[in-house]
Structures are given as structure tokens and as C-alpha cells.
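Note that the protein sequences, when read in sequence, are chains A and B. For what it's worth, my numbering labels the leading residue of the first sequence as 50, then goes sequentially. For what it's worth, my numbering labels the leading residue of the second sequence as 10, then goes sequentially.
Think of the hints as simulated: they come from the structure by calculation, not from any bench. Incorrect hints may appear among the rest.
Unchecked claim - Calculated cross-link-like contacts (lysine-lysine; reagent style DSSO-like; alpha-carbon spacing at most 30 Å): (1) B:Lys350 with A:Lys140; (2) A:Lys140 with B:Lys557; (3) A:Lys101 with B:Lys232; (4) A:Lys140 with B:Lys321; (5) B:Lys213 with A:Lys133; (6) B:Lys371 with A:Lys133; (7) A:Lys101 with B:Lys337; (8) B:Lys371 with A:Lys140; (9) B:Lys371 with A:Lys173; (10) A:Lys133 with B:Lys337; (11) A:Lys101 with B:Lys321; (12) B:Lys371 with B:Lys232; (13) A:Lys140 with B:Lys340; (14) B:Lys340 with A:Lys101; (15) A:Lys133 with B:Lys66; (16) B:Lys232 with A:Lys140; (17) A:Lys133 with B:Lys350; (18) B:Lys170 with B:Lys66; (19) A:Lys140 with B:Lys66; (20) A:Lys140 with B:Lys318; (21) B:Lys337 with A:Lys231.
Just so we're clear, the structure is a prediction, and the values are computed from it rather than from any experiment.
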Amino acid sequence: MSTELNKNDINSKVLPTGEDLGGARQEFNITVYTENQIGLLNRIAIIFTRRKINIDSLNTSPSEIESIHRFNIVITETEEVVRKVCRQIEKQVEVLKVYYHTNADIIWQEMALYKVPADVIAEKASVERLLRENGARAVVIRKDYIVFETTGHREETDNLISVLQPFGLIEFVRSARIAIIKDSDGFNRKLREFEQEQPGEDVNENEYLNQGQKVFTM
Amino acid sequence: MEVAQQDVLTAPEENAGIELSGSAALLEALLVEGVDTIFGYPGGAIMPIYDALYDYKEKLNHILVRHEQGGIHAGQGYARSSGKVGVVFATSGPGATNLVTGLADAQIDSTPLVCITGQVFAHLLGTDAFQETDVINITTPVTKWNYQVTDANEIPEAIAKAFYIARTGRPGPVLIDITKNAQIQKFNFKGYTPCNHIRSYRPKPIVRTQFIEQAAQLINEAKKPFILWGQGVLLGSAEQEFKAFVEKSGIPAAWTILGAGAIPTDHPLNVGMLGMHGNYGPNVLTNDCDVLIAIGMRFDDRVTGRLDKYAKQAKVIHLDIDPAEIDKNVKTHVPVWGDCKETLPLLTELVEAKQHTEWLAKFNEFTRQEVEAVIDAELHPTSGEMTMGEVVDQLNNLTNGNAIIVTDVGQHQMVGCRYAKFNKTRSNITSGGLGTMGFALPAAIGAKFGAQESTVVAIIGDGGFQMTLQELGTIMQSGVEVKIIILNNRFLGMVRQWQELFNERRYSFVDIQSPDFVQVAKGYGIAGKCIKEREDLQSSLKEMLDHKGSFLLEVFVTKENNVFPMVPQGCSVSEIRLK
Numbered sequence: 050m051s052t053e054l055n056k057n058d059i060n061s062k063v064l065p066t067g068e069d070l071g072g073a074r075q076e077f078n079i080t081v082y083t084e085n086q087i088g089l090l091n092r093i094a095i096i097f098t099r100r101k102i103n104i105d106s107l108n109t110s111p112s113e114i115e116s117i118h119r120f121n122i123v124i125t126e127t128e129e130v131v132r133k134v135c136r137q138i139e140k141q142v143e144v145l146k147v148y149y150h151t152n153a154d155i156i157w158q159e160m161a162l163y164k165v166p167a168d169v170i171a172e173k174a175s176v177e178r179l180l181r182e183n184g185a186r187a188v189v190i191r192k193d194y195i196v197f198e199t200t201g202h203r204e205e206t207d208n209l210i211s212v213l214q215p216f217g218l219i220e221f222v223r224s225a226r227i228a229i230i231k232d233s234d235g236f237n238r239k240l241r242e243f244e245q246e247q248p249g250e251d252v253n254e255n256e257y258l259n260q261g262q263k264v265f266t267m
Numbered sequence: 010m011e012v013a014q015q016d017v018l019t020a021p022e023e024n025a026g027i028e029l030s031g032s033a034a035l036l037e038a039l040l041v042e043g044v045d046t047i048f049g050y051p052g053g054a055i056m057p058i059y060d061a062l063y064d065y066k067e068k069l070n071h072i073l074v075r076h077e078q079g080g081i082h083a084g085q086g087y088a089r090s091s092g093k094v095g096v097v098f099a100t101s102g103p104g105a106t107n108l109v110t111g112l113a114d115a116q117i118d119s120t121p122l123v124c125i126t127g128q129v130f131a132h133l134l135g136t137d138a139f140q141e142t143d144v145i146n147i148t149t150p151v152t153k154w155n156y157q158v159t160d161a162n163e164i165p166e167a168i169a170k171a172f173y174i175a176r177t178g179r180p181g182p183v184l185i186d187i188t189k190n191a192q193i194q195k196f197n198f199k200g201y202t203p204c205n206h207i208r209s210y211r212p213k214p215i216v217r218t219q220f221i222e223q224a225a226q227l228i229n230e231a232k233k234p235f236i237l238w239g240q241g242v243l244l245g246s247a248e249q250e251f252k253a254f255v256e257k258s259g260i261p262a263a264w265t266i267l268g269a270g271a272i273p274t275d276h277p278l279n280v281g282m283l284g285m286h287g288n289y290g291p292n293v294l295t296n297d298c299d300v301l302i303a304i305g306m307r308f309d310d311r312v313t314g315r316l317d318k319y320a321k322q323a324k325v326i327h328l329d330i331d332p333a334e335i336d337k338n339v340k341t342h343v344p345v346w347g348d349c350k351e352t353l354p355l356l357t358e359l360v361e362a363k364q365h366t367e368w369l370a371k372f373n374e375f376t377r378q379e380v381e382a383v384i385d386a387e388l389h390p391t392s393g394e395m396t397m398g399e400v401v402d403q404l405n406n407l408t409n410g411n412a413i414i415v416t417d418v419g420q421h422q423m424v425g426c427r428y429a430k431f432n433k434t435r436s437n438i439t440s441g442g443l444g445t446m447g448f449a450l451p452a453a454i455g456a457k458f459g460a461q462e463s464t465v466v467a468i469i470g471d472g473g474f475q476m477t478l479q480e481l482g483t484i485m486q487s488g489v490e491v492k493i494i495i496l497n498n499r500f501l502g503m504v505r506q507w508q509e510l511f512n513e514r515r516y517s518f519v520d521i522q523s524p525d526f527v528q529v530a531k532g533y534g535i536a537g538k539c540i541k542e543r544e545d546l547q548s549s550l551k552e553m554l555d556h557k558g559s560f561l562l563e564v565f566v567t568k569e570n571n572v573f574p575m576v577p578q579g580c581s582v583s584e585i586r587l588k
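Next up, chain A with everything else stripped away, as it sits in the complex (with noise of 0.2 Å):
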């Protein structure tokens, strides 16, 4: 299930037929093309913060296209909700698109890491073993302590902390979800459509005609 604003293929979303959109709540990640401009990381965050939505993850980034910044933000809402948050958003006169996806529409990464004491890895062969298993790499080794890195889902960085734990883990750092959409063709051409005077070939896409319960065939 995948969702851009405005897109052209408004009825390639697959909707659970005869279930209300609003569903049940999931992890979505909104993905905000942007101009580069003071105070817009602040305009978006109160879009949440005024619907009192969490804001569970966000990523500030260049994009492929040089002075375009890309956000990726993950909350746990209603399709409906992320689909209002998502036209607020892109209402903002900086924003130049917004995009919502599920997990299984993206790819995604976060790195953590994991400050433990040196001498209780080099003394216990079976963290050295739990090491290897969850996939972490050591980033700096001094003699006092070590810091582990992973990158990978929430799980697999959430596994090594209570694995780490009963060997003294002193310090612990997660990072923002970042994330790439599987069927994205970068954002080259919309660009482009932006920056002409007249608007491209747009659609705003609608509950009804999304799901396929059109009131009339288009």
C-alpha cells in the first residue's frame, strides 16, 4: 500500500475493500520534499504537535537533488489521519511534496549504538558470540570501553540492548528512521513539473475514488 499525494496513479492503491479508511492504527512513514529554508523543520513538527500526534521518528536529509531536502517522519496513525497530516503538510508553501508509506512499501535502516565496558567483552567469550550473532560492528575499541554499531530494523537494534544489558551497557543512541520508497522514481521529474509556471498533470486523490467504491467510473 503505497500513497503520494497528488499522483497520477490515484487508483493503484490497494485499499482493504469495505474497510473504512481509517483502519487501525500502524507505523506510516511520511517522506517531505522541501525546499531547504529556516524554520520549515518547526512549520511541519506543529502540524503534529497542534493534533497531538507523536512524532516517533524524524530524519532531516539532503535528497538526490542538489538544495532539495528530504524529511522522513514516522508516526503510528490512522491511514486517514497521516492522509489530513499529509495534506497540512503539503500546504506549506515550502513543501513541495509529501508522500505517506507503510513498512512494507520501503526500504529502511537505523543505526544505534552501544558504549560497553571493554573489560566484560574481552573477558566473555559468549558476548563476543552475541556480537557476531546480532551483527554488530565495533567502531572504536580503547581500553576502558568499546562502542558496538548496528544498523537494521527497530527490532534487531532493540535486540542488542537487552542483549548488552546484563554486560554493563553504559551508554545507548538510536538514530532517526531513514528510509527509501520501492517504487519511487526519485523525484527528478516532479521537480522539474514543479518549477514550471503552469501545474503538471496533478491529481488529488479522494477517499472514494481511491477505493475503488466510485460513485461514478472514471
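Chain A is already provided as a structure; the job is to place chain B on it using the hints.
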């Protein structure tokens, strides 16, 4: 220093430029944008702009208000009556924070404004400097766009974008915060080019004919179609297009309070006002129609009542320029994105010319019931104290619906919007979405500047008037002609009504005392009169309208009248009560 308009308009790239301060460049930009009136209040951080303004007094009419909130409401009134962008100046810190209520009001009511605030020197940002506030972050939720300028070179582009964003698409307020150093800084001004494209900003969604065809088909098959229109018709200057659509399709049409006046009150297909205190028929029949055609309105909760019982039987067609409005509150079957000035003619062409005589008769029958149960007693009482409705009715008789009516917020607002006659577009000015008490007096001042040829009558309650009455000083100094009617019921009437109906008459802090308003007006050199008897009403209204200059007429009205009909909170529109 002034720059000849021709110089300014020459293409920037062929122009060697001229050395100007940021402040002068700002004022040049305003002139190119066609600004004639600015509402403002000076202060430390905006002094360089005011210094430059001293040389532009002939070209830019600056109205010195008495409080920045008054300034921004005046800007709103100006924008609403003229259809142009309202321009407001304020200083940093408290000057800027005093704008916030007006920004929120303009944001929710889609009023185009460009507010310029002074800011402390750039090197002092973030140091808790004197009169420093984080204006950008404070105003972000209540502006369509805002931007801080810290270098004079940015001023022409920032102002160009500000005007473009404020007036295009769904209009809204824009705030530009200019640090003092940028106001002072001399730079090479290469002329001002208005903005007409921002790549990340799509003011108008593309018009898609297949949706218009679908909408037309639904309308043509409908037996009981019903039009709801809002301010979008006015904002899009689509009154003619709208009238043509209504008249060809023969569909009864009802308005939100911000939509009032798009077609005249007495148009045979204008069936009245929507919402909590709207007319009986439009509310009840919303839940009876088969196709609901919403045009430039946003299904506010005061219009829809309980959403899960709102027009569930109807197919909904929604015409709106703002894609985020589609499906926001009411699910739409046929979304018609676009500017209604473009979409309505396309729709009109495809709809069949019809007359829905029987269906329209149903509305008229509800009107008859409402007249009998509510309107007659409100407009034509024969005994007891005066009612708000009869004041508005008598006013209609004298203005014949040609005045601009500015209302504040509360019972008198509902009565004013229900009963005032509007012959012209842009003649009902009120704070709709935000419900800002204190809006009317300053907005009326601005409305008069925006429509000099019109009579502007502000109808205000005794509570709301006391929130911004300092603007009588603005009237005194500018000499603007505003007719003020205070409907004094010695109560904060709407809250009292709710306390009576829903809180067992526990009148908690709604008993408000007022000064002698006529004396207050007199202190400002404004003529006034206070009346308590019905026999004085007509002659006093006439005296007020005939008076050269502003006039304050205080009318004592009955203390505990309620506004009916009413859709109680949490009820469906069809559960509207007549008493």
C-alpha cells in the same frame, strides 16, 4: 528618498540599480504592489521604516492606530471590503505579539494580509535583547507564510513573495520580520519585480474536467439538490459565475456567514443562512437533500453540527481551491479542486436549466414556520424592551441593504448576520472562524478605508466594544466615518444564553457593566446618542446615518433575549430548535 516608478519597474537585470536603504526599498515595493493604506504603530525596532515613511506620506496613507490588535483588525477590514491585501506595520516584541490574535483570525478566515514587524538588530537575535521576541516561531501556526529578513538585499524578494502568497490560492496572512540593521542598511536596489511563481507553491490545483462532468451528472439527476456557499465565492471574485450557476440550475442556495452577500439577500434562490443560528429550512433540509454542492466553504463545526448525522443521505460535491479541505470534515463523493471562478462556469455549462419548484417550496414552508415562531417577534415586537433584531430591521429600511455591516462576536453578530440585508458582495464583515470579540470597531475603520464610497455600520455588543474601544482614537485622528451601533443588553449575551439553556441559568460572570458610551465617544469628539425607547429608534438611526462624520448610537435592548433557531452543540442540524 524616492525612486520614480518607471525606474523601479525597469527589468532588474538591465538596471544599474540605485542605492537605497532597506526601509525605502520596502516602501517602494509596497507602492509597486498598489498599496495605498497602511495600518500601524511605530516603536523602537521599526523606527527606520517609519523614518523612511516620513518621505512617503503623500503616497502611502498611514493610519496610526491605538493598539496593534486594532491595526491588524483594521487591515482585515480593509482587505475584506476592498478585496486587496491589507498591510500592517508593528514594532518588535509587544508590538508583534499584539498582532497574534489578528493573524489567527485572518488565517482561519483566509484574509490576505502582509504584516511587517520590526525586529532587533541581527547581532542581538537570541540574546533576550530589549523588545526581542521570537516572532517567527510565535506566528508560525497562525500565518500562511512568514520570513525573517536580516539583510536589506533580501527585502525586494521577501516582499514580492509575501504579496504573492497572501493573495493567491486560498488567501491568508503573511508576516515579514525585518531586523533593524536590514532596515538601515544601504544596498543596491535594482528594482522590484512582483512574484508570480514559487516552485514549491501551487496556489491553484489543476482543473480536471472529468470531475466537473461527474458533478454535472449528479446535479442533473438530482431531485433535491442543495447548494452551500462560503467565502470562497467572494475570495475568488466569482459572484457573477456563482449567480449564473445558481440561476441556471435553479437550485436553492444557503450561505455560511462569511459567504453572505455573494448573491443578494432577497434573491429568490437564496434560502438563508447555515449553521448553529442559521435559518430553519437550510439546516433541516441539509438532512433531506440528495445532492449537496459545497462551494468555497469548509464545513466548519458551527455549520455541520454533529458530523456523523450530517447529510448522510446526500452525495457530496465539494468545490474548493484548497485540496486539504476536501474530505477534511465531510467525505466528498465528487471533489472539484480549483478556483471556483474557473470551475463554476464549466459546471454551469454542463448543468441543465431547471426549476426545482416543489423542493424550493419546502424551504419556503420552513421559512414560514420560522417567521411565525421566531422572526416576527424578533423583528416586529410591539411591546416590551427593544430587540436586537428590530434595530437591524430598521437599519435595513434606511440603508436598503447597501451598507457594509461589520459585526463583532456574540448574539448581536448572529442577529446581524441573520437579519441584515446585503445587496452587494463584500458587505458583511465579521470574525467568523476565530470569533474574535473586539474585531468590529477596528475592522469597520479598515473597511471604510477599503470602500470609501460605502456607508460602514459597525454593530457591536456592549462586551466586545469594551475590548477595542481605544480605536475611537483612531477614528478621531483619521477622521474616518464609521457608524457605530452598540446593542447593549448589559450581559455577555451569548455566554449567558448558553448558561440559561445548558447550565441551569447559573449566570457565571456574564453580568457586565459598561461606562457611559456616549460620554466616552464625546471624549473622543465623536457624536453619540443613547436610546431606550422604541419610538426613538427609527429617528435615531436616521440621525446616525445622516450625521456628517462618525456617530455612536447606543441602543438598550432586552436583557435576556435568546438567539433562535439554534442547533445545540452535539446535535444534528436537523435537530435545530425554534425555541
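Each hint, compared with the structure:
Taking the CA atoms of B:Lys350 and A:Lys140, the gap is near 21 Å; set against the 30 Å cutoff, the hint holds. Distance hint between A:Lys140 and B:Lys557 is unfulfilled; the C-alpha atoms sit about 47 Å from each other, more than 30 Å. Restraint check for A:Lys101 and B:Lys232: not satisfied, since their Cα atoms lie roughly 43 Å apart, outside the 30 Å limit. For the hint linking A:Lys140 to B:Lys321, the alpha-carbon distance of about 28 Å falls within 30 Å, and the restraint holds.
For a cut-off of 30 Å, the pair hint linking B:Lys213 to A:Lys133 stands: about 19 Å separates their Cα positions. A threshold of 30 Å between alpha carbons decides the hint, and for B:Lys371 with A:Lys133 the separation of about 37 Å lies outside it, so the pair is violated. For a cut-off of 30 Å, the pair hint linking A:Lys101 to B:Lys337 stands: about 17 Å separates their Cα positions. Restraint check for B:Lys371 and A:Lys140: not satisfied, since their Cα atoms lie roughly 40 Å apart, outside the 30 Å limit.
Note on B:Lys371 and A:Lys173: the hinted pairing is violated, with a Cα-Cα distance of about 86 Å set against a maximum of 30 Å. Restraint check for A:Lys133 and B:Lys337: satisfied, since their Cα atoms lie roughly 7 Å apart, inside the 30 Å limit. Between A:Lys101 and B:Lys321 the CA atoms are separated by roughly 28 Å; this keeps the pair inside 30 Å, and the hint holds. For the hint linking B:Lys371 to B:Lys232, the alpha-carbon distance of about 13 Å falls within 30 Å, and the restraint holds.
Taking the CA atoms of A:Lys140 and B:Lys340, the gap is near 19 Å; set against the 30 Å cutoff, the hint holds. The straight-line distance between the Cα atoms of B:Lys340 and A:Lys101 is roughly 23 Å, inside the 30 Å bound, and the hint therefore holds. Restraint check for A:Lys133 and B:Lys66: not satisfied, since their Cα atoms lie roughly 47 Å apart, outside the 30 Å limit. A C-alpha spacing of about 36 Å is found between B:Lys232 and A:Lys140, which places the hinted pair above 30 Å, so the restraint is violated.
Between A:Lys133 and B:Lys350, the direct Cα distance comes to roughly 26 Å. Compliance with the 30 Å bound is thereby established for this hinted pair. Taken as a hint, the B:Lys170 and B:Lys66 pair is honoured in the structure, with Cα atoms around 25 Å apart against an allowance of 30 Å. The hinted pair formed by A:Lys140 and B:Lys66 fails the criterion: a straight-line CA distance of about 38 Å is larger than 30 Å. Restraint check for A:Lys140 and B:Lys318: the C-alpha separation of about 29 Å stays at or below 30 Å, so the hint holds.
Only pairs whose Cα atoms come within 30 Å are accepted, and B:Lys337 paired with A:Lys231 is accepted, the gap being roughly 29 Å.
The structure does not agree with the numbered hints 2, 3, 6, 8, 9, 15, 16 and 19 stated previously, though it agrees with the rest.
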